[in-house]
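K.L.:
Residue-level listing of the chains:
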Amino acid sequence: MSEYAISIASNMGMIAFVALSAYVVLVVGEISFGQQAYFGIGAYVSGMATAMWGWPFGFALVLGSCVAAIAAFAVGALTLRLRGLYFAIATLCFAEMIRLGLNSIHVQVEIDGEPVGPDGAEGFGDIRWMFEHDVTTLEYMFIIYALLGAVLVVLLLVERSNLGAVIRMIGQDPLLARSQGIDVGTCKLLVIVFSGMIAGLGGCLYAHFATYIEPNVFNVMLGVHALAYGLIGGLGTALGPIIGVVLDIGFLEGVRAIQGYRMIAFGGLVAILLIIMPRGILDEVRIHHIKRWLRRQ
Amino acid sequence: MIDFIQTTLDGLSIGSAYALIALGFTLVFGVMRRINLSYGPSIMLGAFAGTWAFVTLEAQPWLVAVVTIAGTVAVGMYVERLCFWAIRKDAAIASMVSSFVIWMQLEEVATILLPGRTYPYPELFKFGGIDIGPYFLRMEHVTTLAVAMFMLVVLRLLLYRTRFGLALRAVSESSEAAVYMGISPVRITFWAFVFASFIGGVAGYLLLAADQQVTPYFGLWATFKGLIAMMLGGLGSIPGAIVGGLLLGVIEAHTQWYLGNAVKDLTAYLVLFLVLVLRPGGLLGQGIVERHAQAFRRI
Numbered sequence: 460m461s462e463y464a465i466s467i468a469s470n471m472g473m474i475a476f477v478a479l480s481a482y483v484v485l486v487v488g489e490i491s492f493g494q495q496a497y498f499g500i501g502a503y504v505s506g507m508a509t510a511m512w513g514w515p516f517g518f519a520l521v522l523g524s525c526v527a528a529i530a531a532f533a534v535g536a537l538t539l540r541l542r543g544l545y546f547a548i549a550t551l552c553f554a555e556m557i558r559l560g561l562n563s564i565h566v567q568v569e570i571d572g573e574p575v576g577p578d579g580a581e582g583f584g585d586i587r588w589m590f591e592h593d594v595t596t597l598e599y600m601f602i603i604y605a606l607l608g609a610v611l612v613v614l615l616l617v618e619r620s621n622l623g624a625v626i627r628m629i630g631q632d633p634l635l636a637r638s639q640g641i642d643v644g645t646c647k648l649l650v651i652v653f654s655g656m657i658a659g660l661g662g663c664l665y666a667h668f669a670t671y672i673e674p675n676v677f678n679v680m681l682g683v684h685a686l687a688y689g690l691i692g693g694l695g696t697a698l699g700p701i702i703g704v705v706l707d708i709g710f711l712e713g714v715r716a717i718q719g720y721r722m723i724a725f726g727g728l729v730a731i732l733l734i735i736m737p738r739g740i741l742d743e744v745r746i747h748h749i750k751r752w753l754r755r756q
Numbered sequence: 022m023i024d025f026i027q028t029t030l031d032g033l034s035i036g037s038a039y040a041l042i043a044l045g046f047t048l049v050f051g052v053m054r055r056i057n058l059s060y061g062p063s064i065m066l067g068a069f070a071g072t073w074a075f076v077t078l079e080a081q082p083w084l085v086a087v088v089t090i091a092g093t094v095a096v097g098m099y100v101e102r103l104c105f106w107a108i109r110k111d112a113a114i115a116s117m118v119s120s121f122v123i124w125m126q127l128e129e130v131a132t133i134l135l136p137g138r139t140y141p142y143p144e145l146f147k148f149g150g151i152d153i154g155p156y157f158l159r160m161e162h163v164t165t166l167a168v169a170m171f172m173l174v175v176l177r178l179l180l181y182r183t184r185f186g187l188a189l190r191a192v193s194e195s196s197e198a199a200v201y202m203g204i205s206p207v208r209i210t211f212w213a214f215v216f217a218s219f220i221g222g223v224a225g226y227l228l229l230a231a232d233q234q235v236t237p238y239f240g241l242w243a244t245f246k247g248l249i250a251m252m253l254g255g256l257g258s259i260p261g262a263i264v265g266g267l268l269l270g271v272i273e274a275h276t277q278w279y280l281g282n283a284v285k286d287l288t289a290y291l292v293l294f295l296v297l298v299l300r301p302g303g304l305l306g307q308g309i310v311e312r313h314a315q316a317f318r319r320i
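Chains as they are written, first to last, in the working numbering: chain A, 460 to 756; chain B, 22 to 320.
Since the hints were derived computationally from the structure, they do not count as laboratory data. Keep in mind that a hint or two might mislead.
Said to hold, decoys possible - Short, incomplete list of chain A residues facing chain B, as computed with Cβ under 10 Å:
id	residue
1	Gly543
2	Ala554
3	Asn678
4	Ile731
5	Leu732
6	Ile734
Remember, predicted model here, so these are calculated numbers, not experimental data. Each residue gets a CB set at the ideal place from its N, CA and C atoms; glycine is no exception.
Whenever a hint applies, use it, and build me the whole structure from the sequences.
P.N.:
Below, the structure written as structure tokens:
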């Protein structure tokens, strides 16, 4: 594979983490404009762990996703009462607070006579773990896809389980779920924490891939894109957001012929797609049909 | 004390522009219960059409205003047909995402129209401002405030004194019941959208004429300022949109004056976050949230 193809594939893998985290929140019936914040927290924390404190990469991944999960727990607990647009805007506020807060964080240490660490709006460079340990971009791409595969397997297993049915039920009608004796609040909180963890893990990978991160990478556009991926690919299965990512990034990079007009073409195509299939390509009904067809075979 | 009042006045004048944008959002949300994310970008594209006329055709400022408002309304109609009218009634999230992808489309159209980053925008008045005692008011800001108040009155009259307003409120209450009364929700929604776009176009023109420049980022800025102002005042409440907009302006002006530019946006988000967590209906709208919570408690 050429370096260019590897970088596109790695980017798709890392964005897929944010898309998946937005998707699980959508499945539980809420819209979040704030998943990019967990991505950013994961990126900054894990970057600090390896570049400033010299932690091994694996521990940095765990630390980054745990801190992101804790942040998601705090936000989820505070916004548990909110629904619909209120929840969406509250998460947006949180994410923007994190982004603007990162703009004014200056924590730097001297390593080999060079200052290393987050420097406000100047960003956070020299996250050099990949170079220091001779990890090629191809190997790193495999790390990304291995972790993405693991997350996908977990999500698909949960969807087959009783818990998955409960989560979908809450997403359809929380009042009905509550009257069936389901603890709606706890379930929602669980899903939100898990979504934060997934996004945080993606952020950890992103920081070490890009080696330079700045707060503006984690702006609201990233979060809204992640939402859109879930809806394009379909809300019926965890594979949906992946399809969305591949269509968007694959399409944007693939179709060089319409350079300069590609957002016009892509935007129009997605708008038409959403008219025909309002819950995406692989929505619940279509997944149900596919499963039934597979069982018959 | 003089500083404090001057800052408050400055805040009120920028806040009145926020209030206008929030009014447009409230109108659309009130009728459709859906969010139009490309509201800000449609204003931006209208403004780009206006500034295009200004730069290439050397149009007069009044003509620029007409082009801006007409452009915003035209783009608004396009968005309504594609993202709201065409999408099934029970798919509110699809509408929101669809309006987001159209946002990307509008931004690209704007950069094709005018590829640079910043363009000049003609100012409204050549004379500067008025002095009242120790205070100074810029003429553009006075105009914005006056227009916002005028729009509030017009909107109130439209909603509560005309047959169209009655029909609009009926659709907002229950579109099924409205159909039985012989009202066409599709038509009402369309005209509400057109009216909201008109308000947005006016707000955009006033804001940009005060700034005297326009960038593609205006779309993002307008969408999120409008959303914040609307949520701050209370979702779906017209006085709430005005109060939320003015309050947002005053908060921003004060934090900028006393704490600096970096803290300005942070404070706005923090205040809204706290309002949502502590008083989920916003400042002037408690009904919906309260009803929902009661239903939940009964079970």
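K.L.:
All hints are to be evaluated individually against the structure, with a verdict given for each.
P.N.:
Going through the hints against the structure:
Of the supplied interface hints, the one on Gly543(A) holds, with its beta-carbon coming within about 9 Å of a beta-carbon of chain B, less than 10 Å. This hint holds: Ala554(A) has a C-beta 9 Å from the nearest C-beta of chain B, less than the 10 Å allowed. Restraint check, Asn678(A) versus chain B: the minimum CB separation of about 9 Å is within 10 Å; hint holds. The closest approach between the C-beta of Ile731(A) and any C-beta of chain B is roughly 8 Å, which is under the 10 Å cut-off, so the hint is satisfied.
Hint status for Leu732(A) relative to chain B: holds, with the closest Cβ pair at about 9 Å, below 10 Å. Look at Ile734(A): its Cβ gets to within about 5 Å of chain B, closer than 10 Å, so that hint holds up.
In this structure, none of the earlier numbered hints is contradicted; all agree with it.
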